[in-house]
Every structure is written in structure tokens, then in C-alpha cells.
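Novice: Sequence:
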Amino acid sequence: LVPKGGSNGGGSKPGSGSKPGSGTKPGSGSKPKPTKPRSPSGIRDLDDIKGKAWGGSAAPFTQFITPFLAKHGMKPTSAKRGTQGTATGGTSDHWTGNKNAYATDYGTTNGAAAARKLARALGIKNYKTGQYGNHNVKIGGRTFRAQILWAVPGHYDHIHVGMKLVS
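If you count the sequence shown from 1, position 38 lands on 68 in the numbering used here, and the numbers rise without skipping.
No lab work stands behind these hints, which were simulated from the structure alone.
Predicted model only: the values in this text are computed from it and were never measured.
Be careful, since some hints might not be right.
Derived pair list, reagent style DSSO-like, types lysine-lysine, alpha-carbon separation capped at 27 Å [said to hold, decoys possible]:
no., residue 1, residue 2
1, 110, 194
2, 147, 110
3, 168, 155
4, 105, 82
5, 80, 194
6, 110, 129
7, 82, 101
8, 158, 168
9, 158, 101
10, 158, 147
11, 194, 168
12, 80, 168
13, 147, 101
14, 155, 101
15, 105, 168
16, 129, 168
17, 80, 129
18, 194, 82
19, 129, 105
20, 105, 80
21, 110, 168
22, 80, 110
23, 82, 168
24, 158, 194
25, 105, 155
26, 82, 129
27, 147, 80
Derived CB-CB ranges, DEER-like [said to hold, decoys possible]:
no., residue 1, residue 2, range
28, 126, 160, 26 to 32 Å
29, 77, 101, 15 to 21 Å
30, 161, 78, 16 to 22 Å
31, 77, 115, 15 to 21 Å
32, 116, 92, 21 to 27 Å
33, 184, 127, 16 to 22 Å
34, 143, 113, 25 to 31 Å
35, 121, 197, 16 to 22 Å
36, 103, 171, 30 to 36 Å
37, 80, 116, 25 to 31 Å
38, 160, 120, 30 to 36 Å
39, 153, 112, 17 to 23 Å
Note that beta-carbon positions come from the ideal geometry of N, C-alpha and C, so glycine has one too.
Using the sequences and the hints given, assemble the complete structure.
Specialist: Below, the structure is given as C-alpha cells:
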């Protein structure tokens with residue numbers, strides 16, 4: 031971000047890292063526009079995520095979650111499918127009839143650290159592996175119920191990530 035005052039703290043002093051001709055032109059009267067910070071890995075900011083598929087719940091996967099977990103060596107192994115029920119008796123975010131939810135499984139045999147890092151990146155503060163839990167997260171001005179499941183029955187060979195539009 032550009033500090034208040036519209037410069038990088040010293041103009042184009044030798045060795046300052048700024049390039050002549052960058053920023054605004056002298057006398058143009060306009061200030062450089064501050065830019066939103068991006069994560070060092072190039073993954074989109076959560077506030078920038080937009081999309082309507084599956085009630086908007088697919089967009090966090092394509093634009094943030096899948097690239098994030100790819101950085102940890104994981105690829106999607108399952109997404110939407112025809113099975114409605116879950117092992118605990120609920121309605122699956124994977125189910126194609128669940129129009130405001132989306133879920134993807136990411137195959138791994140060692141998912142604890144990545145699951146915790148993903149939870150932290152989504153702003154979930156009280157996440158613990160080995161437990162079922164729903165957490166509300168804000169993404170792109172909308173609220174989603176998020177699930178990150180690792181080390182619970184049926185989730186020892188993949189991380190399950192589910193999102194459902196709340197508001």
C-alpha cells in the first residue's frame with residue numbers, strides 16, 4: 031500500500047527501489063491509487079471473490095481454497111455428486127440437489143497442518159482437527175457456513191471442505 035502522502039517515502043533516490051517514470055507524472059495532480067494487498071503466493075483476497083454457481087459457494091473453491099491447498103500438494107479428488115446423505119444423517123454439501131452449497135475433497139494422508147492453515151486463512155479462529163464443526167466466514171461480502179473436516183470418521187485420507195451460503 032502507498033503510505034499517506036502518496037509516495038514511497040522518498041521519491042526516486044538512488045537505491046530506493048523506485049523507478050523514474052513510475053507512479054504519477056509530475057504536475058498531473060493525481061495521486062497513485064492504493065492497491066489491495068495480495069497474499070505472497072498470489073492467491074486472491076477473500077474480499078475479491080465473486081461468483082454465482084451453487085449459490086456463490088463454488089467461487090471460494092476455484093479462486094482461493096483449491097489454489098491454497100495445491101500449494102500444500104493437494105488436488106481435488108471429489109466434488110458435487112448424487113449422494114444426498116452424510117454419515118451423520120445430514121444433507122451433504124457434495125449433493126447436486128443442494129443448490130446453495132459446494133464441497134470438495136482433497137486427497138492426502140497427512141492433512142492436519144494444511145487443514146489448520148486453511149482454517150486460519152479463512153478467518154476461523156477456533157478450528158480443531160478431529161472434530162465436526164461449522165464456522166461462519168465472510169467472503170466477498172457474503173456469509174458462508176464453512177466445514178473443514180480432517181481426522182473424523184470417513185475423513186482420514188482426505189480433507190473435506192464444504193461451504194454453504196448463509197446470507
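Novice: Each hint needs a verdict: does it hold in this structure or not?
Specialist: Going through the hints against the structure:
1. 110 <-> 194: 13 Å, holds
2. 147 <-> 110: 24 Å, holds
3. 168 <-> 155: 13 Å, holds
4. 105 <-> 82: Status holds; Cα separation ~23 Å.
5. 80 <-> 194: 15 Å, holds
6. 110 <-> 129: Given that 27 Å is the threshold and the Cα spacing comes to 10 Å, the pair holds.
7. 82 <-> 101: 25 Å, holds
8. 158 <-> 168: Holds, because 19 Å separates the two Cα atoms, which is no more than 27 Å.
9. 158 <-> 101: Holds, because 21 Å separates the two Cα atoms, which is no more than 27 Å.
10. 158 <-> 147: 11 Å, holds
11. 194 <-> 168: 12 Å, holds
12. 80 <-> 168: Answer holds: residue 80 to residue 168 is near 12 Å, not above 27 Å.
13. 147 <-> 101: 11 Å, holds
14. 155 <-> 101: Since the Cα atoms of residue 155 and residue 101 sit roughly 21 Å apart, the hinted pair holds (cutoff 27 Å).
15. 105 <-> 168: Holds. Residue 105 to residue 168 sits at ~24 Å (cutoff 27 Å).
16. 129 <-> 168: Judged against 27 Å, a Cα distance of about 19 Å means the pair holds.
17. 80 <-> 129: 17 Å, holds
18. 194 <-> 82: OK: residue 194 and residue 82 at ~12 Å, within 27 Å.
19. 129 <-> 105: At roughly 23 Å apart (the allowed maximum being 27 Å), residue 105 and residue 129 satisfy the hint.
20. 105 <-> 80: OK: residue 105 and residue 80 at ~22 Å, within 27 Å.
21. 110 <-> 168: Holds, at about 22 Å.
22. 80 <-> 110: 19 Å, holds
23. 82 <-> 168: 16 Å, holds
24. 158 <-> 194: Between residue 158 and residue 194 the Cα gap is close to 20 Å, so the pair holds against 27 Å.
25. 105 <-> 155: Within the cut-off at roughly 25 Å; holds.
26. 82 <-> 129: Holds - the C-alpha atoms of residue 129 and residue 82 are around 11 Å apart, at most 27 Å.
27. 147 <-> 80: 22 Å, holds
28. 126 <-> 160: 26 to 32 Å: 29 Å, holds
29. 77 <-> 101: 15 to 21 Å: 20 Å, holds
30. 161 <-> 78: 16 to 22 Å: 30 Å, violated
31. 77 <-> 115: 15 to 21 Å: 34 Å, violated
32. 116 <-> 92: 21 to 27 Å: 23 Å Cβ-Cβ, so the 21 to 27 Å window holds.
33. 184 <-> 127: 16 to 22 Å: Hint holds: Cβ distance 20 Å, inside 16 to 22 Å.
34. 143 <-> 113: 25 to 31 Å: Hint holds: Cβ distance 29 Å, inside 25 to 31 Å.
35. 121 <-> 197: 16 to 22 Å: Taking Cβ atoms as reference, residue 121 and residue 197 lie about 19 Å apart, which means the hint holds.
36. 103 <-> 171: 30 to 36 Å: 31 Å, holds
37. 80 <-> 116: 25 to 31 Å: 29 Å, holds
38. 160 <-> 120: 30 to 36 Å: For residue 160 and residue 120 the Cβ distance comes to about 18 Å; the hint is violated.
39. 153 <-> 112: 17 to 23 Å: 32 Å, violated
In terms of the numbered hints stated before, the structure departs from hints 30, 31, 38, 39, listed from lowest to highest.
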